[in-house]
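Chemist: Listed below, chain by chain, are the residues.
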Amino acid sequence: MRKELTCISCPIGCALVAETQADGSVSVTGNQCSRGVEYAHDELVDPKRVVTATCRTNSTRHPRLPVRSREPCPREKIAGVLQRIYGLTAEVPVSQGDLLAELDGVQIVATRTLED
Amino acid sequence: MREIPFDTAVIGGGAAGMAAALEVRARGHRVCIVERDDELGGILLQCIHNGFGLHEFREDLTGPEYAGRAIREVAESEITIFTRTTVSEIASHGGGRELTCYSAENGVVKIASRAIVLAMGCRERNRGNLRIPGSRPAGVFTAGLAQRLINMEGYVPGRDFVIIGSGDIGLIMARRLQWLGCRVHAVIEIMPYPSGLTRNIVQCLNDFSIPLYLNHVVSRIHGSGRVTGVDVTPVPGGVPNPAGEFHIPCDTILLSVGLIPENELSKAAGVEITTETNGPVVDATMMTSAEGIFATGNVLHVHDLVDNVTEESRLTGGFVADYLAGLRPARQIRVRPGSNVRSITPARVDPLRANRLYLRPLIVKNNAALVLSAGGRQIRRIMKSHVQPSEMISVNLRAVDLADLAPDTVLELSIT
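Protein chains in written order, with our numbering: chain Z, 2 to 117; chain H, 594 to 1009.
Among the hints, erroneous ones may be present.
[As the list claims (entries may be wrong)] Some chain Z residues close to chain H (C-beta under 7 Å, calculated; not the full set): (1) Gly14; (2) Val51; (3) Thr55; (4) Pro67; (5) Leu83; (6) Arg85; (7) Val110; (8) Thr112.
Bear in mind the hints are in silico, worked out from the structure with no lab data behind them. All residues carry an ideal CB built from backbone N, CA and C; glycine is no exception.
Just chain Z, with the same shape it has in the complex (with noise of 0.2 Å):
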């Protein structure tokens, strides 16, 4: 498989090619960085995304927290990590990172601290 892909490890947005080998690696050309190797991997073989969302609180002064997959999620697991978190109630006091919900092994947590 050959794909070509922009890089969004950072702001630069190198213009990848990433074919795979008949050994079954990737090669990767155009990368100005070594995380350029491991997007156009991963973009292949195996794409990520951080999620984010907000969900509900038992708050009146913020009726929504920000959440976020602790690590990138799979992107076929996204649209079932987006339903657990639209069906969450969080309630406060709760800390950024505080550990909300598990799906499938991708950790939902807090994105800010909410005292009430």
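Could you slot chain H onto chain Z? The hints should help.
Modeler: What follows is chain H alone, placed relative to chain Z:
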């Protein structure tokens, strides 16, 4: 009415204001931050997506996480915070300045301070700024307003969206809306290149197969009570081609067409504004044309990365501390934008030290050379692997680059 004396009063508690305040405080001065919202953090709090902090922390943080680090640092320092407090005037007062502020809790508060830092950020350009023809239905929002409604207040303002302008906030909202189950039918950009960051084009549009129409404008908005659709017209080379016009049905329009520094307070205080950045003119120490009033962050010039805001504001805080200690540059040399450069901030340099300048390019180019010259004589050439208008360039000019220049020299920075 209460009168409170400070060495520095920072107006605005976002990324810029917090970084500047922390630096001035670290240098031993009495500092306050005046913030009109309920809490510190500014626009970062509604930017729930990741991509912040890659330079500053070498980590991929969300907006609230990035803000949280600065908020904790401020809480642990001896900085006085006035939240829910709006500044209405900056007046001269003795050798310094006096802020007139209003708050529900304290009524009118007067804050006397030797120095002021303007860190109020920007407003969004809106439909009135674009003069889009058509009716005036409900359902037209700026992208940042929609972001606040969705991420902080919990309202989704539509189902079927068209986004006008390819600014970063609009791109980020495209992904957010898709992830909410809404449909984003198109992003319409008048310029031949996107105005947002490449990674946002990739992750927010390409991931969802949302079409990006470059060289196109929305030529009419339809709808009586509510938006029902838009007409889109190609404008190749800036010339409208009515034969290529097409219609997109939608119920909501988001505008992501740029930011304008919030200048009302600054102008009333006599601060000179430049059309290059739409923000204040500053000297080599980020001081505006008004003595003791400094400016930093998006109120000074629009940044695309908060990391740059923090860096610039930390430098500004250092300059404010120097000013409070009576240290001023012996002389300054003007720098003006040459070919292919829209703006340079600051527009003056201190030839006795290194200077960090922020440039906004006008062109897209690979292997571009940034050329510093004086009176046609090239002083230094800096290679950049890639430049584009959506990416601000930061550059360090060394004292050695600036040595032996006559006092009336005008430096020029151009891109070739």
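Chemist: For each hint, tell me whether it holds in the structure or not.
Modeler: Against the structure, the hints come out as follows:
The criterion of a C-beta within 7 Å of any C-beta in chain H is met by Gly14(Z), whose closest approach is roughly 3 Å, and the hint holds. At a threshold of 7 Å, the smallest CB-CB gap from Val51(Z) to chain H is about 5 Å, leaving the interface hint in force. About 6 Å separates the beta-carbon of Thr55(Z) from the nearest beta-carbon of chain H, less than 7 Å, and the hint is met. For Pro67(Z), the interface hint holds, since its Cβ comes within 7 Å of a Cβ in chain H; the closest pair sits about 4 Å apart.
With a least beta-carbon distance of about 6 Å to chain H, the hint placing Leu83(Z) at the interface is held under the 7 Å criterion. About 13 Å separates the beta-carbon of Arg85(Z) from the nearest beta-carbon of chain H, more than 7 Å, and the hint is not met. Of the supplied interface hints, the one on Val110(Z) is violated, with its beta-carbon coming no nearer than about 10 Å to a beta-carbon of chain H, more than 7 Å. For Thr112(Z), the interface hint holds, since its Cβ comes within 7 Å of a Cβ in chain H; the closest pair sits about 5 Å apart.
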